[in-house]
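Line by line, the protein sequences are chains A and B. Going by the working numbering, the first sequence opens with residue 190, and the numbers climb by one from there. Going by the working numbering, the second sequence opens with residue 190, and the numbers climb by one from there.
The set of hints was computed from the structure by calculation and includes no laboratory data. One thing to keep in mind: the hints can contain errors.
As the list makes no split between identical chains, a pair holds if one copy fits it or if it spans any two.
Capping the alpha-carbon separation at 30 Å, the derived lysine-lysine pairs in BS3-like fashion look like this [claimed, not checked]:
1. 272 x 295
2. 389 x 295
3. 443 x 253
4. 387 x 295
5. 272 x 412
6. 272 x 387
7. 236 x 389
8. 295 x 236
9. 310 x 272
10. 428 x 457
11. 443 x 236
12. 253 x 405
13. 253 x 389
14. 253 x 428
15. 295 x 253
Note that the structure is predicted; figures quoted are calculated from it, not measured.
Protein chains: 2
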Amino acid sequence: MPHRRRVFFVSDRTGLTVEALGTSLITQFDAIDFLRLTLPFIDTVDKAREAVQQMNAAHQDTGKRPLIFSSLVDDAIRAEINKADGLVLDVFERFIVPLEQELGQKSQHAVGKSHSAGNAKDYNHRIEAINYSLSHDDGVTHRGLEDADLVLVGVSRSGKTPTSLYMAMQFGIKAANYPLIPEDLEANRLPPSLIPLKHKVWGLTIQPDRLHQIRKERRPDSKYASLENCRYEVSAAEKLMRQADIPFLDSTTKSIEEIATTMLHEAKLVRRVY
Amino acid sequence: MPHRRRVFFVSDRTGLTVEALGTSLITQFDAIDFLRLTLPFIDTVDKAREAVQQMNAAHQDTGKRPLIFSSLVDDAIRAEINKADGLVLDVFERFIVPLEQELGQKSQHAVGKSHSAGNAKDYNHRIEAINYSLSHDDGVTHRGLEDADLVLVGVSRSGKTPTSLYMAMQFGIKAANYPLIPEDLEANRLPPSLIPLKHKVWGLTIQPDRLHQIRKERRPDSKYASLENCRYEVSAAEKLMRQADIPFLDSTTKSIEEIATTMLHEAKLVRRVY
Numbered sequence: 190m191p192h193r194r195r196v197f198f199v200s201d202r203t204g205l206t207v208e209a210l211g212t213s214l215i216t217q218f219d220a221i222d223f224l225r226l227t228l229p230f231i232d233t234v235d236k237a238r239e240a241v242q243q244m245n246a247a248h249q250d251t252g253k254r255p256l257i258f259s260s261l262v263d264d265a266i267r268a269e270i271n272k273a274d275g276l277v278l279d280v281f282e283r284f285i286v287p288l289e290q291e292l293g294q295k296s297q298h299a300v301g302k303s304h305s306a307g308n309a310k311d312y313n314h315r316i317e318a319i320n321y322s323l324s325h326d327d328g329v330t331h332r333g334l335e336d337a338d339l340v341l342v343g344v345s346r347s348g349k350t351p352t353s354l355y356m357a358m359q360f361g362i363k364a365a366n367y368p369l370i371p372e373d374l375e376a377n378r379l380p381p382s383l384i385p386l387k388h389k390v391w392g393l394t395i396q397p398d399r400l401h402q403i404r405k406e407r408r409p410d411s412k413y414a415s416l417e418n419c420r421y422e423v424s425a426a427e428k429l430m431r432q433a434d435i436p437f438l439d440s441t442t443k444s445i446e447e448i449a450t451t452m453l454h455e456a457k458l459v460r461r462v463y
Numbered sequence: 190m191p192h193r194r195r196v197f198f199v200s201d202r203t204g205l206t207v208e209a210l211g212t213s214l215i216t217q218f219d220a221i222d223f224l225r226l227t228l229p230f231i232d233t234v235d236k237a238r239e240a241v242q243q244m245n246a247a248h249q250d251t252g253k254r255p256l257i258f259s260s261l262v263d264d265a266i267r268a269e270i271n272k273a274d275g276l277v278l279d280v281f282e283r284f285i286v287p288l289e290q291e292l293g294q295k296s297q298h299a300v301g302k303s304h305s306a307g308n309a310k311d312y313n314h315r316i317e318a319i320n321y322s323l324s325h326d327d328g329v330t331h332r333g334l335e336d337a338d339l340v341l342v343g344v345s346r347s348g349k350t351p352t353s354l355y356m357a358m359q360f361g362i363k364a365a366n367y368p369l370i371p372e373d374l375e376a377n378r379l380p381p382s383l384i385p386l387k388h389k390v391w392g393l394t395i396q397p398d399r400l401h402q403i404r405k406e407r408r409p410d411s412k413y414a415s416l417e418n419c420r421y422e423v424s425a426a427e428k429l430m431r432q433a434d435i436p437f438l439d440s441t442t443k444s445i446e447e448i449a450t451t452m453l454h455e456a457k458l459v460r461r462v463y
């Protein structure tokens with residue numbers, strides 16, 4: 190623990206972007222044990238000085254220079270962080286100059302232009318999409334299903350709810366979801382209310398043993414959770430989706446981000462929120 | 190439209206990180222009208238060649254070189270994209286060499302080390318947190334409220350649900366939410382079931398005219414949505430939170446990301462998911 194290499198994510202805003210970027214880069218060095226620390230809202234020189242003290246202390250404690258990924262728009266704040274005894278990689282510094290040259294103008298150096306609630310239209314799209322997805326979760330209602338951008342189907346616990354909510358939250362996409370229940374599987378056809386919407390239906394599948402694990406945590410010793418039943422449901426659902434010509438993805442081997450992004454692009458949906 | 194400067198986000202994975210990074214950079218050039226296009230899962234040289242054709246066509250169509258933000262681990266694919274007739278800014282290329290020098294080892298150049306479902310522990314934390322937040326949305330139940338990492342309070346439509354779901358999805362934080370209803374406001378005290386949990390309660394507030402707008406879309410001409418009632422509820426809720434010594438944030442002026450990040454850090458919660 191004391192020897193874990195410290196990685197700082199520093200931002201004048203939330204730090205989410207620089208965390209994602211830095212995380213994707215350090216995962217390229219599997220053999221090293223990193224400890225990540227995020228310092229968001231570093232928007233004054235004083236806060237930057239405190240951050241530098243923390244970074245220098247990390248060097249002292251571990252005997253290794255920390256890695257510092259930063260996104261700082263203000264030159265004075267960035268200059269302060271650059272004094273830290275570590276490897277500072279600032280995305281703003283590295284990218285803004287080539288962009289200014291290419292675009293033939295100076296950047297505004299204004300903090301907080303993205304992710305800001307100032308963008309009320311984006312905010313409204315998100316809230317509307319989240320409310321839509323919540324009220325069309327798990328086949329709760331057929332009403333308004335025609336307003337969906339996308340309708341997800343799959344057996345219970347195949348990952349429909351997290352995927353729908355992610356698409357609503359991140360992309361402003363109205364994603365309904367609808368379970369494939371034993372009656373549908375037996376009849377080997379889509380739930381009747383979905384047939385007119387077939388062009389916007391996407392499926393999720395999951396490996397039976399993973400489904401078995403998930404279900405048995407919720408309802409141990411049930412037929413519902415048994416490996417045999419999970420095998421049957423998954424195989425019947427895949428058969429149904431193939432026959433109905435519904436594209437489907439496997440949530441066992443893909444993250445929520447990968448599933449959502451794949452559907453967004455393959456279904457050629459227009460993202461309403463960035 | 191034909192003259193909008195094209196911005197491509199290219200990735201061998203989802204493209205989400207490079208989209209967020211590129212978007213935050215181009216918002217620094219307010220006067221320019223950009224059109225953003227994401228090309229995810231560019232994981233073969235053939236796909237890269239197709240992407241380059243699209244980029245060169247964008248140059249032809251607009252008369253301006255496109256901006257190309259990319260995150261490509263594979264050298265051959267990156268070399269292909271570098272042939273595009275545009276400004277290519279690749280995060281991997283720009284950051285991996287200084288990281289290799291600092292860490293004294295070569296990176297693995299392995300695609301898809303982050304965001305991968307391979308990380309089953311992260312996935313389980315997310316799903317568990319999302320299920321928790323959904324089943325503790327809007328004060329649905331008191332049961333298990335003691336397991337929450339955070340309990341959000343606020344008047345109806347102050348932004349509690351999106352914030353709870355965001356924290357669950359992005360951070361794996363179990364965030365319950367509980368409405369402040371007229372009885373609580375009149376009595377000027379927290380809902381009784383929350384009093385023992387006070388140390389993990391956070392408030393949300395909202396400007397009355399914004400609340401009025403949101404509510405009147407749902408229930409036009411109701412007392413609930415009237416500006417007068419919104420003013421009363423917000424002012425009474427803020428008074429209650431101040432008196433109960435509950436920290437609170439204003440969702441009118443902050444994005445979901447900003448609210449969630451601020452709470453995460455100020456409440457010193459440990460993020461379970463990256």
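Hint check:
In the homo-oligomer, the alpha carbons of residue 272 and residue 295 lie at most 30 Å apart both inside one protomer (25 Å) and across protomers (26 Å), since each shortest distance falls under that limit. Taking CA atoms no more than 30 Å apart as the test, residue 389 paired with residue 295 passes in neither setting, with 44 Å inside one copy and 45 Å between copies. For the homomeric pair residue 443 and residue 253, neither the shortest alpha-carbon distance inside one copy (35 Å) nor that between copies (37 Å) is at most 30 Å. Taking the closest pair of Cα atoms, residue 387 and residue 295 never come within 30 Å of each other, the shortest separation being 49 Å inside a single copy and 49 Å across copies.
Proximity of residue 272 to residue 412 under the C-alpha cut-off of 30 Å is found in neither arrangement, the shortest distances being 62 Å within a copy and 57 Å between copies. Taking identical chains as interchangeable, the C-alpha atoms of residue 272 and residue 387 are never at most 30 Å apart, the minima being 58 Å within one chain and 41 Å between chains. Taking identical chains as interchangeable, the C-alpha atoms of residue 236 and residue 389 lie at most 30 Å apart only when they sit on different chains, with a minimum of 26 Å there against 49 Å within one chain. In this assembly of identical chains, residue 295 and residue 236 lie within 30 Å of each other by CA distance solely inside one copy; the values are 26 Å within and 34 Å between copies.
Within a single copy, residue 310 and residue 272 get their C-alpha atoms no closer than 40 Å, and across copies no closer than 37 Å, so neither meets the 30 Å cut-off. Taking CA atoms no more than 30 Å apart as the test, residue 428 paired with residue 457 passes inside one copy only; the shortest distance there is 25 Å, against 48 Å between copies. Taking the shortest alpha-carbon separations for residue 443 and residue 236, only the inter-copy value of 20 Å comes in at or below 30 Å, while the best intra-copy value is 39 Å. Within a single copy, residue 253 and residue 405 get their C-alpha atoms no closer than 45 Å, and across copies no closer than 57 Å, so neither meets the 30 Å cut-off.
In this assembly of identical chains, residue 253 and residue 389 lie within 30 Å of each other by CA distance neither inside one copy nor across copies; the values are 53 Å within and 36 Å between. Proximity of residue 253 to residue 428 under the C-alpha cut-off of 30 Å is found in neither arrangement, the shortest distances being 55 Å within a copy and 49 Å between copies. In this assembly of identical chains, the alpha carbons of residue 295 and residue 253 lie at most 30 Å apart only when taken from different copies (18 Å versus 37 Å within one copy).
In terms of the numbered hints stated before, the structure departs from hints 2, 3, 4, 5, 6, 9, 12, 13 and 14, listed from lowest to highest.
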